[in-house]
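Keeping their order, the protein sequence lines are chains E and D.
Residues in the first sequence are numbered from 1 upward in steps of one, following our numbering.
Residues in the second sequence are numbered from 1 upward in steps of one, following our numbering.
None of these hints come from the bench; they were simulated from the model.
Everything numeric in this text was worked out from a predicted model, so none of it was measured.
The reader is advised that the hints may include incorrect statements.
[Stated by the list, open to error] DSSO-like cross-link-like pairs, simulated, lysine-lysine; straight-line CA separation at most 30 Å:
1. LYS15/D to LYS66/E
2. LYS79/D to LYS126/E
3. LYS245/D to LYS199/D
4. LYS29/E to LYS216/E
5. LYS245/D to LYS125/E
[What the hints assert, rightly or not] Reference excerpt, derived from the structure (chain E facing chain D, CB under 7 Å, subset only):
6. GLN53
7. TYR99
8. TYR245
9. ALA246
[Stated by the list, open to error] Computed spacing ranges between beta-carbons, pair by pair:
10. ARG128/E to ILE229/D: 36 to 46 Å
11. LEU237/D to GLU217/E: 52 to 62 Å
12. ILE191/D to ARG128/E: 53 to 63 Å
13. GLY59/E to ILE238/D: 26 to 36 Å
14. GLY65/E to LEU117/D: 49 to 59 Å
15. ASP60/E to SER93/D: 16 to 26 Å
Even glycine gets a Cβ: it sits at the ideal position worked out from N, Cα and C.
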Amino acid sequence: MDTIIQTYQLKKTFKEEDIIKPLDFSLRKGEICALIGKNGAGKSTFFKMLAGQLMPTGGDIHLFGKSGKEMIHSKKRMGFMIETPEFFPDFTATQNLEYFRIQRGVIEKKRIYEVLQIVGLANQKKKRFKDYSMGMKQRLGIALCLLGSPDCLVLDEPINGLDAEGIIEIRNLLLRLNQEKQITILVSSHILTELQLLATRFVFIKNGVIVDDLSKENLNDKSKKQVQLKVDDAAKASRLLEQAYADIQYKVLPNHIITIQNHVEKGGEINRLLVDNGVLVMEFRMEALNLEEYFLGLVEGNEK
Amino acid sequence: MINYLKSENYRLLHKKGLHITSVICLVLIAAAAAVLYYSGQQDQNFPYATSLFFYSNVIGSGILIIIVAFLFNLALTGKDTSLIKQSVSFGVSRNTIFWSKLILTLSYFLAICAVGLLLMIGLGENLLASEEQSVRYFLSASINMFPIVISGFFIIHVLKMLRFGEVYIIITLLFIFIFSGDLLRMLLRPISGLNELYKYAPSTLLNENLMSFLNKAVQFDYHYWVTGIVISVFSLLIGARKFAKQNIN
């Protein structure tokens, strides 16, 4: 079974508003797929439907090839952490994991200590959950996901609240789980630079629709270069660019900065065009986009 | 389901609030008996140092017992419901969650009711002046009360699982178990065929049960069971059905 998660025309409507428009998505074995979108784009709603917390308005979900009631068995092979993980505040980490160990039918009690060790909480196992920092809570959430030795992890903002050291640890942990234990991962985060270091595939979601789906290689190709100009009159420069190149893709950023995503090879020509028409070009740079900038170019900004 | 029941039982056993509530209930029963006994010892003419009066406090406190039921149900349906999302994610069905929480909290509630009942009889018969048939009257009245109280427990469970606020639940309980009889009598008086419906209202039945007990005329009556079963079945069916389709957010 190469496809772990498959959705067909999956849809969610709240109060007549389409949060997720009919959406086809598949996650293949071995991938680390990053789901990227602004707040309200539908990421968490999508994750919650996968987890069974929200009922889809339409469409179908298959997990490990199973759908409907049979999917319950597939979920035993998955670990979900959607938004902030919830635990009993008065229980210690060990007691909380013991509750879920019993519930999930994990036979070996020592698995609790193994997962606490993996997420770096072994020394904090006797501390009560309510006394945990946000980062520790996130780690315990990941420990819970790992408790049942899953084949696939679905993590919504797993590095939320972690310090820099914690972020690196969790990134390395996820990479290790993917590479050594072949665990497939679907992850979202607002820290896009982290996703760029982690993911092998990038799915961009906007207003409940997948607007782009790229492998790491494709993203590298697509985000190779852009021209960035700082001019004295951005409005005039925009007009000139539009007149000269009908299909030009650009956006105007604050401080009279213009970034141009296509016709990158004509950088010199663009520079001369602006200067000859009285626009002062104060800075001219050719640069590669990172994931954050690619994302902004895709879903935000003053794009043409 | 067995695994879920076991995990919830683990949770319950580690819950201090539940044990404290149980102890408080039993201590209050013992304290009431002690006060009556002490008053009877101090004043030979004190008329309430009897087991019948002692028992009547329970028979007349149907709504209070339902409030205690609320506290027991809350042990697994209060803040703990925020963990349901994780259980659902890991493949536990909503039906399993709904019924498991009900079975466990109800079991604990019934256990404490049984202990309370035995404690009352023990104290009533040994400390207070007892009449020949007082235990039989008490048990008969308790059996009549049982389906009504349990139906209250089911209503509480359903409303908690459907995430109704605690204030709304209390108002609903007061309406059903205190005011329903009078309201039905007033509203349905002009409607032929329905004007007798108030006799089946929980509040009417609880009052009747108390009066029969005080008049030493109490006996098993199927009306209590009809009302209790109708309320229980309806509330559980609607609750389980709605919970199975509910978003857990």
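Cross-check of the supplied hints:
no. : hint                             : verdict
1   : LYS15/D to LYS66/E               : violated, 37 Å
2   : LYS79/D to LYS126/E              : holds, 22 Å
3   : LYS245/D to LYS199/D             : violated, 35 Å
4   : LYS29/E to LYS216/E              : holds, 16 Å
5   : LYS245/D to LYS125/E             : violated, 36 Å
6   : GLN53                            : holds, 5 Å
7   : TYR99                            : holds, 5 Å
8   : TYR245                           : violated, 47 Å
9   : ALA246                           : violated, 47 Å
10  : ARG128/E to ILE229/D: 36 to 46 Å : holds, 43 Å
11  : LEU237/D to GLU217/E: 52 to 62 Å : holds, 55 Å
12  : ILE191/D to ARG128/E: 53 to 63 Å : holds, 58 Å
13  : GLY59/E to ILE238/D: 26 to 36 Å  : holds, 28 Å
14  : GLY65/E to LEU117/D: 49 to 59 Å  : holds, 54 Å
15  : ASP60/E to SER93/D: 16 to 26 Å   : holds, 18 Å
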